[in-house]
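One-letter residues, chain by chain:
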Amino acid sequence: MKRDDTAITWVNRPRLGPLGRSYLLLFAQGMTTTLRHLFGRKKTIQSPEVRHEIPDPHIYRGVHRLNRDEQGRVKCVACFLCATACPAHCIDIVAAKSPWPDREKYPESFTIDELRCIFCGMCEEACPVDAIELTGLYDLSGKSREEMVFDKAKLLSVYDNTEGLGIRD
Amino acid sequence: MSPSIFIEPLSKIVVVLIGLMTAAAYLVLLERWVAAWVQDRIGPNRVGVPLTNIRLFGLGQPLADGVKFLFKQEITPSHVDRVLFFLGPLVMFVAAVSVFAVVPFGSVIPPEVFPKSWGIERPISLSIAPGFDVGVLYVFALGGIAVYGVVLGGWASNTKYSFLGGLRSGAQLISYELPLGLGVLGVVLATGSLRLDAIIAQQAQTGLWNVMSQPLGFLVFCVAAFAEAARLPFDLPEAEQELVGGYHTEYSGVKLMMYMVAEFLHMVLAAFLIVILFLGGWHCWGLTGSTDAVAWPIALVRVVVLAVKVMGMILFFMLARWSWPRFRYDQLMQLGWKIMIPWGTINLAAVAAWLEFGDRAARAMSLSFGSATIAVGWSVLLMVWVATVAADPTRGDRPSRREATK
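Residue numbers (the working numbering), protein chains in the order written: chain A, 1 to 169; chain B, 1001 to 1406.
Be aware that a few hints might be false.
[Unchecked claim] If you only want the chain A side, here are some residues facing chain B, beta carbon under 7 Å, derived: (1) ARG36; (2) THR44; (3) SER47; (4) ALA88.
[Unchecked claim] Here are some chain A residues the structure puts well away from chain B; computed CB gaps all over 12 Å: (5) PRO18; (6) MET31; (7) LEU35; (8) HIS37; (9) GLU114; (10) LEU140; (11) ASP160; (12) ASN161; (13) GLU163.
These aren't lab readings, by the way, just hints derived from the structure by calculation.
Note that CB positions come from ideal geometry on N, CA and C, so glycine has one too.
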């Protein structure tokens, strides 16, 4: 790029007027902004005593759960759509022949690596039977990597603990 | 010489040292609180009494911070100049602390406060070295030594970042020593003394604070004091968002703490100096009286008045940090050399002229000397300000983009 290229438009900083050069307005502006915030309402949430309120749990993407049907069985039909949709490859399903007459397969094991998960919600989108859902639980912690790989029992227990609590549904 | 003459200064030194360290620790907490409030947060409020659940609004935070600093691993990089690396923070810290030897923390403690058996007959002055004839000079001499702490730290670290930070800092501190000196010269000239207690006493006797008679000097001194304390908008030495960390990039643990505490003490000192030189020290109209012969309630009121003023000034320092953006390096130098130094010189000349011709001028204006001083002081400020805006001395330093990118 040459300096005298006609395609370049050289823009200069506008010169300040007398009011701007006197610094007084800028001085006052800066101080009033500071004071307004100094006495304004604070936005801090005192976690963990006060919980962060999720505006709408239905669209929040927190920890996963595996839903149960009316008879308490796992809803999942082991179709692998969620595992296929998952961009992080964190869902691992082992399918087996279903013991129940209303479906062909069921997940013998169903594990989600919560540390790999990016909480995009694609699995929930993909699921044809609404078996996998993301809840409003957002503070997820564990002491080891192994602990953060949730198996079927754990994911079902998330359902048991969140069902009807308004965290989801 | 009886050993008793050592008791008074030694006990003062102990009280001031402990008080300063505690104050610095709690000012760090206050700084964090103010920062949080301005940013719509709450700030530290968890740490209270150790090993209990009592929180005390986070008042235990300074203790936790101190313990953290003490037990942190202290790394001395292999490429540093070991002697200077150790000397840097030490020089800065010692200079910052010893300045407070001449700073008055009030006026006097009257003798009747103490038990008769102690045999104290004179009022005890509330500064470590009372009546030190070159008080102001001493303050500025030690303030100049603080530059060495910065430059030594930057040089001894033997890395680019520290070196550049040290350079910037050195240039800034040296540039702003001039307006700082010019600002204080007006006060010294008007008072006729370099003693800090005499400067307060003079303001108390006339009831005319120097900020009222020399607003221009006050402005110059304030700006220079901000720059000397390296506080935003003049915190180019550190500039934590821009530089890696300035001259103390390589420091950790106790040495880093010494730098941090010294910087805080600079701010405290700047607040004290502004209050003492320009805002009347312990004086407040109708509350504190003006002579040294006082009963203890008045003496106490004076300490409180001074403390309130200094706290207000420190709060202003902390709020200013969040109010205005940092100056660019060339803007900083322009402000110092092209605006502040001429303003300081004009102030000095105006004070000198007023001391010579003020009496006659006041009579000619048929005003009392005090009100004439105020009127002249403020009109000088106004005229200088308007003239500066009209002349725009930094105009030539804004080349067009095209020229600048040549």
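How the hints compare with the structure:
no. : hint   : result
1   : ARG36  : violated (9 Å)
2   : THR44  : holds (4 Å)
3   : SER47  : violated (12 Å)
4   : ALA88  : violated (33 Å)
5   : PRO18  : violated (5 Å)
6   : MET31  : violated (5 Å)
7   : LEU35  : violated (7 Å)
8   : HIS37  : violated (5 Å)
9   : GLU114 : holds (28 Å)
10  : LEU140 : holds (23 Å)
11  : ASP160 : holds (33 Å)
12  : ASN161 : holds (28 Å)
13  : GLU163 : holds (34 Å)
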